Amino acid sequence: LSKIIIDPFLTEFESSAFQNCESMKYLVITSSIKIIDRIYFNQIKQFSSIELPSTVTTISNNAFSEFSNLSSINIPSSVTSIGSNAFYKCSQLKEIALPSSMTIIENNVFSECSSLIKVAIPSSITQIKGSAFHNCASLIDINIPSSVSVIENDAFSGCSSLLQVIIPSKITLIKARTFSCCESLNSISIPKSVKIIEDYAFNKCKDLKRIDISSSISTFGNHSFSECSSLTEIDIPSSITMIDNYTFDKC
2 LSKIIIDPFL TEFESSAFQN CESMKYLVIT SSIKIIDRIY FNQIKQFSSI
52 ELPSTVTTIS NNAFSEFSNL SSINIPSSVT SIGSNAFYKC SQLKEIALPS
102 SMTIIENNVF SECSSLIKVA IPSSITQIKG SAFHNCASLI DINIPSSVSV
152 IENDAFSGCS SLLQVIIPSK ITLIKARTFS CCESLNSISI PKSVKIIEDY
202 AFNKCKDLKR IDISSSISTF GNHSFSECSS LTEIDIPSSI TMIDNYTFDK
252 C
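Numbering (our numbering), first residue to last: 2 to 252.
Please keep in mind that the hints were generated in silico from the structure rather than gathered at the bench.
The model shown is predicted, which means the values in this text are computed figures rather than measured ones.
Some clues are possibly wrong.
What the hints assert, rightly or not - Straight-line Cα separation of at most 20 Å, SDA-like style, residue types lysine to any residue; simulated pairs:
1. 119 x 72
2. 171 x 196
3. 193 x 174
4. 119 x 185
5. 193 x 220
6. 130 x 115
7. 193 x 167
8. 119 x 101
9. 119 x 136
10. 193 x 218
11. 130 x 99
12. 119 x 70
13. 90 x 162
14. 196 x 220
15. 119 x 168
16. 119 x 49
17. 130 x 173
18. 251 x 234
19. 210 x 249
20. 171 x 215
21. 210 x 184
22. 196 x 219
23. 207 x 188
24. 95 x 139
25. 207 x 247
26. 207 x 161
27. 207 x 136
Said to hold, decoys possible - For each label pair, taking beta carbons as the anchor points, the in silico distance ranges come out as:
28. 216 x 119: 30 to 40 Å
29. 115 x 50: 17 to 27 Å
30. 241 x 119: 35 to 45 Å
31. 230 x 75: 37 to 47 Å
32. 190 x 47: 38 to 48 Å
Ideal Cβ placement from N, Cα and C applies to all residues, glycine included.
Hey, can you work out the whole structure from these sequences and the hints?
If you want it as structure tokens, here you go:
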């Protein structure tokens with residue numbers, strides 16, 4: 002058994018329904034299911050491709066967590082919420098397109114998706130929660146829409162292939178470790194809206210050569226640019242009132 006097509010009239014199935022079907026690779030859900038819950042897939046993590054119906058509105062916490070063979074999944078436009086850790090450690094997942102019906106990217110949603118190279122974030126998104134893309138080591142480019150007003154701790158930490166980032170003008174605070182260990186990051190644009198750069202925000206961005214700091218920033222946190230070993234130039238504006246411990250350590 003390698004492919005399952007779930008009947009349109011089915012509204013529920015138990016977690017053990019496909020237990021020990023070790024050859025099953027493709028799942029097509031054509032039913033009227035609205036919520037994709039972790040319980041459905043506790044025993045079956047080997048899918049490489051999943052098709053979800055347009056009836057789905059919610060992908061629950063941990064729904065596809067550690068599906069290490071999953072390389073393709075469609076997120077229908079009906080989805081308004083994807084829970085924390087929903088795609089955690091989906092190490093073969095390469096692309097994802099989020100629908101405009103969503104407003105928040107939750108904690109750890111794509112954390113440790115080491116093969117993820119392309120993410121389409123719609124302009125409806127206003128918040129990117131903590132560790133949302135942590136250790137997405139293959140992610141080269143990310144377009145953060147101007148609608149985003151909050152990016153939380155570790156959101157892009159460990160994205161070691163990320164080359165450049167434009168921070169939206171609604172962001173007022175670059176939180177702790179947001180871009181820490183983005184080793185390939187060579188360009189960063191910080192808007193005038195940003196007032197504070199927190200601890201370890203750009204720590205170990207080893208390819209970062211220059212930072213343009215706006216005249217509105219008042220605080221550099223602990224280790225905020227430490228171990229940025231390629232950094233050759235930074236203009237510190239007169240608005241700065243606090244440069245904390247080890248801000249430029251090992252630069």
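Give me the numbers of the hints this structure contradicts, sorted from smallest to largest.
none
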